[in-house]
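Visitor: Chains as they are written, first to last, in our numbering: chain A, 755 to 812; chain B, -8 to 424; chain C, 368 to 596.
Rather than coming from a laboratory, the hints here were simulated on the basis of the structure. Quantities reported herein were computed from a predicted structural model and do not represent experimental measurements. Each hint should be verified, as a subset may be incorrect.
Below are the SDA-like pairs computed for lysine to any residue, each with C-alpha atoms no more than 20 Å apart in a straight line [what the hints assert, rightly or not]:
#	chain 1	residue 1	chain 2	residue 2
1	C	446	B	214
2	B	188	A	773
3	C	446	B	148
4	C	446	B	185
5	C	446	B	280
6	C	446	B	206
7	A	763	C	457
8	C	446	B	210
9	C	446	A	759
10	B	188	A	764
11	B	177	A	759
12	B	81	B	410
13	C	446	C	584
14	B	188	A	782
15	B	332	B	231
16	B	188	B	260
17	C	446	B	221
18	B	177	B	214
19	B	177	A	796
20	B	332	B	271
21	C	379	C	584
22	A	763	C	584
23	B	268	B	210
24	B	177	A	782
25	B	81	B	210
26	C	370	C	489
27	C	370	C	524
28	C	446	C	458
29	C	446	A	785
30	B	268	B	285
31	C	446	A	784
32	B	332	B	246
Partial list, derived from the structure: chain A residues whose beta carbon lies under 7 Å from chain B [to be verified]:
#	residue
33	755
34	758
35	765
36	771
37	774
38	775
39	784
40	788
Even glycine gets a Cβ: it sits at the ideal position worked out from N, Cα and C.
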Amino acid sequence: MTVGEILEKIFTTPGIGGIIAVVVLSSAVAIYVGLTRWILQGGREEAPPWERMGWPFE
Amino acid sequence: MAQDEETLLLSPLTRTSRGFGIFIALLVAVVLVGAAIYGYQWANGLSVTGMNRPVYMGIYIVNFVFFIGLAHSGTFISAILRLVGADWRKPLARAAEAITVFSVPFGAGSILIDLGRLDRMFNIFVHGRFESPLLWDVVSVSLYLLSSIAFFYLSLLPDIARCRDRLIDVPRWQHQMYRVLSLGWKDHPEQYRRLEKVLAAMAVFMSMLVIIVHTVVSWVFGMTVQPGWHTAILGPFFLVGAVFSGSGAVVVTMAVLRRIFHLEDVLTLKHFDYMRKLLIALTLVWLYFMVAEYLTTFYGQEVEEMLVFWQKFTGTYAIPFWVMFTLCFAVPLAIFLTRGKRSIGWMVAAGLIINVGMWLERYIVVVPTLTRPRLLSELTMGNYTPTWVEGVITAACFAGLLLLYALFTRFFPIIPIWERSEEVEAYLHEMEE
Amino acid sequence: MPKWGMVIDLDKCTGCQACSMACRVENNVSFAGPEQAEIGRAMFWQEVLDTEMHGHYPFLETQFVPRPCMHCEHPPCVKVCPVGATFQTEDGLVAMDYELCIGCRMCTIACPYAVRYFNWLAPRFPTPLEQALNPDVPVRPRGVVEKCTFCIHRLRAAQDRAEKEGRTLRDAEMVNLPACNQVCPAAARYFGDLEDPESTVSRLARSPRAFALLEELGTEPKVHYLTGE
């Protein structure tokens, strides 16, 4: 299949658009939650993140 | 920053004045009436609006574009101006960003109100086709909303912690709220450094999003082949219009906050002067786009394009069109060049006038083209008379925006405190070395 | 693969609107009623448009243009549908899935021919017409878009019949297949397979009198008109 055909399939097939929307939006949520945690973990002096498996925001 | 300045910025959070209580009650009433009327629309279908064939889109879509446009001003002030290092924007940033966070839901909500089958809304995610401009809208506007909320919340976080620590005389539930929402913020230098990094990166991302979102919003119209819509300038035109109306809204917000919270020393005449100069530039850019679009159309004299053109210039929509032009260009520019230099009152008037004008501008973009569809005949030419239902729901949307905004200012400092603190500046200064 | 198309001879059309009436009865098209029609909510899958009258008395002329859905080869409406509720079939029809439609009305504003209609109200039929509904055609609910389907239900029934009888469809049984064609007293309308060079519609579409509406847009409508003007 040519690139044009692949792109056409991606854009016009029902359902693919929905998948794109869900993937983009859930990735954004995951990234923002992750960034928030990273910022808050700046308050920690000691053990690195993988050694602390407690409540996410402590 | 001086202790009394911090006390000043935090004091509105400790009590409710009577006037404020009445104001909130009024807004809640309008919102509830709007919800009830929406229930009426739900029961009777979109026939309760003035929309018809061929004017299949009306005030709800105008509101959609308007609220998203209004939201862009917040991002413009907090993100874009941050990138160019315009430090004068700092006191305004949260107030502006709050406009964004509370406007976008009503923009998205306006589209939902306009759907014939809202109950089938999730078909967009199950059967979505990415060829449709509406899918681009769903993705970009939702992403914009999520990003604005994240950006807003992160910028607010150190100040929520400040409220948790300094405001001890507030009701238990309010203190509890600060405790939970502060996410255990410790005021640690490393947290500030990381926060600053994330905000700087998000400012870049949000600036790109503003451009994408409003261009995509315009493409709901621009991607069809209807006269008056299918023009390449539509995207940039919408974008400029959004920043323009939003900046007017920021001026109004600034003045209101300044008066209510006694922020005369924090928001000075200098800030209003910066906004004035920015608005002069935006007024002229807006004029440039209008001339570019209409002169080109007129010179080409294409039959279908001219029918829409005359609808706006001399036809059914002449009055709204020329009122719009006066309110968007003539009156504001006159104010900015004369009285606006020294009077905050006049700047507020200009800001309000611009927003009324820009709402009309959205109306002028959407409706006249629909009244003169491409295949012309007596049967397909149209007219649109909005109904009271659309009016009430519009009013409820504005009331809802004001309500959320007012509630926010009651419980959270509208002027960022942490950014003004000398200690924080020191941490960040270290970071740069 | 056939490509279904229609030819309408404007020099034979008398503007009687029997086609519009037959269509609404065949397809259970909702009645808007006088007040709703007044504000522009009447629904006519097949509509007779008229051009402006020109000439001087007694040599006045107006052209009647019956306008069904064009079933464009490159439909602008299909492109913009967010959920695929309107789609193009392999045999060239632009069809509707009323179950998927979310009523966003993007297709209605994208169509340059204004052939699409929205159900502003729940469907209603003046008594006793609700007893005469066509069981082969779904009655659409409030809140979805609808339009001419080239009587796809009759088309599929004819295709099924032919398959059962082990033969191909004959041009003669296609020419008056849709309800609008069937009822035309002036025999001004033809329907058939544009891919078959021998079919009535193919030959007429090749005539020097043939044109299509808004040809310059490149939608390639499959409704062709004939006129000597």
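Visitor: So, for every hint listed, does it hold in this structure?
Guide: Against the structure, the hints come out as follows:
1. Restraint check for residue 446(C) and residue 214(B): satisfied, since their Cα atoms lie roughly 10 Å apart, inside the 20 Å limit.
2. Restraint check for residue 188(B) and residue 773(A): the C-alpha separation of about 31 Å exceeds 20 Å, so the hint is violated.
3. Distance restraint check for residue 446(C) and residue 148(B): the Cα-Cα separation of roughly 44 Å exceeds the 20 Å cut-off, and the hinted pair is therefore not satisfied.
4. Of the supplied pair hints, the one linking residue 446(C) and residue 185(B) is violated, its CA atoms being roughly 45 Å apart against a limit of 20 Å.
5. For the hint pairing residue 446(C) with residue 280(B), the CA-to-CA distance comes to about 29 Å; that exceeds 20 Å, so the pair is violated.
6. For the proposed pair residue 446(C) and residue 206(B), the alpha carbon gap of about 19 Å is at most 20 Å, so the pair holds.
7. Between the alpha carbons of residue 763(A) and residue 457(C) the distance comes to roughly 16 Å, so the proposed pair stays at or under 20 Å and holds.
8. For the hint pairing residue 446(C) with residue 210(B), the CA-to-CA distance comes to about 13 Å; that is within 20 Å, so the pair holds.
9. The hinted pair formed by residue 446(C) and residue 759(A) meets the criterion: a straight-line CA distance of about 16 Å does not exceed 20 Å.
10. With a C-alpha separation of about 36 Å, the suggested pairing of residue 188(B) with residue 764(A) is violated against the 20 Å cut-off.
11. For the proposed pair residue 177(B) and residue 759(A), the alpha carbon gap of about 54 Å is over 20 Å, so the pair is violated.
12. Between residue 81(B) and residue 410(B), the direct Cα distance comes to roughly 8 Å. Compliance with the 20 Å bound is thereby established for this hinted pair.
13. Under the criterion of a C-alpha separation no larger than 20 Å, the hint pairing residue 446(C) with residue 584(C) is consistent with the structure, at around 15 Å.
14. A C-alpha spacing of about 18 Å is found between residue 188(B) and residue 782(A), which places the hinted pair at or below 20 Å, so the restraint holds.
15. Between residue 332(B) and residue 231(B) the alpha-carbon distance is near 23 Å, which puts this suggested pair outside the 20 Å criterion.
16. Between residue 188(B) and residue 260(B), the direct Cα distance comes to roughly 31 Å. Violation of the 20 Å bound is thereby established for this hinted pair.
17. For the suggested pair residue 446(C) and residue 221(B), the alpha carbons sit about 15 Å apart, so the restraint of at most 20 Å is met.
18. Taking the CA atoms of residue 177(B) and residue 214(B), the gap is about 50 Å. The hint is violated against a cut of 20 Å.
19. Of the supplied pair hints, the one linking residue 177(B) and residue 796(A) holds, its CA atoms being roughly 9 Å apart against a limit of 20 Å.
20. Taking the CA atoms of residue 332(B) and residue 271(B), the gap is near 11 Å; set against the 20 Å cutoff, the hint holds.
21. About 27 Å separates the Cα atoms of residue 379(C) and residue 584(C), which puts this hinted pair outside 20 Å; it is violated.
22. Simply put, residue 763(A) and residue 584(C) have alpha-carbon atoms about 24 Å apart, too far for the 20 Å limit, and the pair is violated.
23. This hinted pair does not check out: residue 268(B) and residue 210(B) have alpha carbons roughly 30 Å apart, beyond 20 Å.
24. Proximity of residue 177(B) to residue 782(A) is assessed by CA-CA distance (about 26 Å); at most 20 Å being required, the pair is judged violated.
25. A threshold of 20 Å between alpha carbons decides the hint, and for residue 81(B) with residue 210(B) the separation of about 33 Å lies outside it, so the pair is violated.
26. Proximity of residue 370(C) to residue 489(C) is assessed by CA-CA distance (about 34 Å); at most 20 Å being required, the pair is judged violated.
27. At roughly 17 Å between alpha-carbon atoms, residue 370(C) and residue 524(C) fall within 20 Å of each other, so this suggested pair holds.
28. Only pairs whose Cα atoms come within 20 Å are accepted, and residue 446(C) paired with residue 458(C) is accepted, the gap being roughly 18 Å.
29. Restraint check for residue 446(C) and residue 785(A): the C-alpha separation of about 32 Å exceeds 20 Å, so the hint is violated.
30. For the proposed pair residue 268(B) and residue 285(B), the alpha carbon gap of about 26 Å is over 20 Å, so the pair is violated.
31. Taking the CA atoms of residue 446(C) and residue 784(A), the gap is about 32 Å. The hint is violated against a cut of 20 Å.
32. A C-alpha spacing of about 14 Å is found between residue 332(B) and residue 246(B), which places the hinted pair at or below 20 Å, so the restraint holds.
33. The interface hint given for residue 755(A) is broken, as the beta carbon of that residue sits about 18 Å from the closest beta carbon of chain B, more than 7 Å.
34. Checking residue 758(A) against chain B by beta carbon gives a least distance of about 14 Å; that is not within 7 Å, so the hint is violated.
35. With 7 Å as the threshold, the beta carbon of residue 765(A) comes within range of chain B, its nearest partner Cβ sitting at about 4 Å, so the hint holds.
36. Hint status for residue 771(A): holds, given a least beta-carbon distance of 3 Å to chain B, under 7 Å.
37. Hint on residue 774(A) holds. Least Cβ distance to chain B is approximately 6 Å, under the 7 Å limit.
38. Interface hint at residue 775(A): satisfied, since its Cβ lies 5 Å from the closest Cβ of chain B, which is below the 7 Å cut-off.
39. The interface hint given for residue 784(A) is broken, as the beta carbon of that residue sits about 11 Å from the closest beta carbon of chain B, more than 7 Å.
40. Taking 7 Å as the C-beta contact cut-off toward chain B, the hint placing residue 788(A) at the interface is violated, the least distance being around 10 Å.
Of the numbered hints given earlier, the model fails hints 2, 3, 4, 5, 10, 11, 15, 16, 18, 21, 22, 23, 24, 25, 26, 29, 30, 31, 33, 34, 39 and 40; all others are met.
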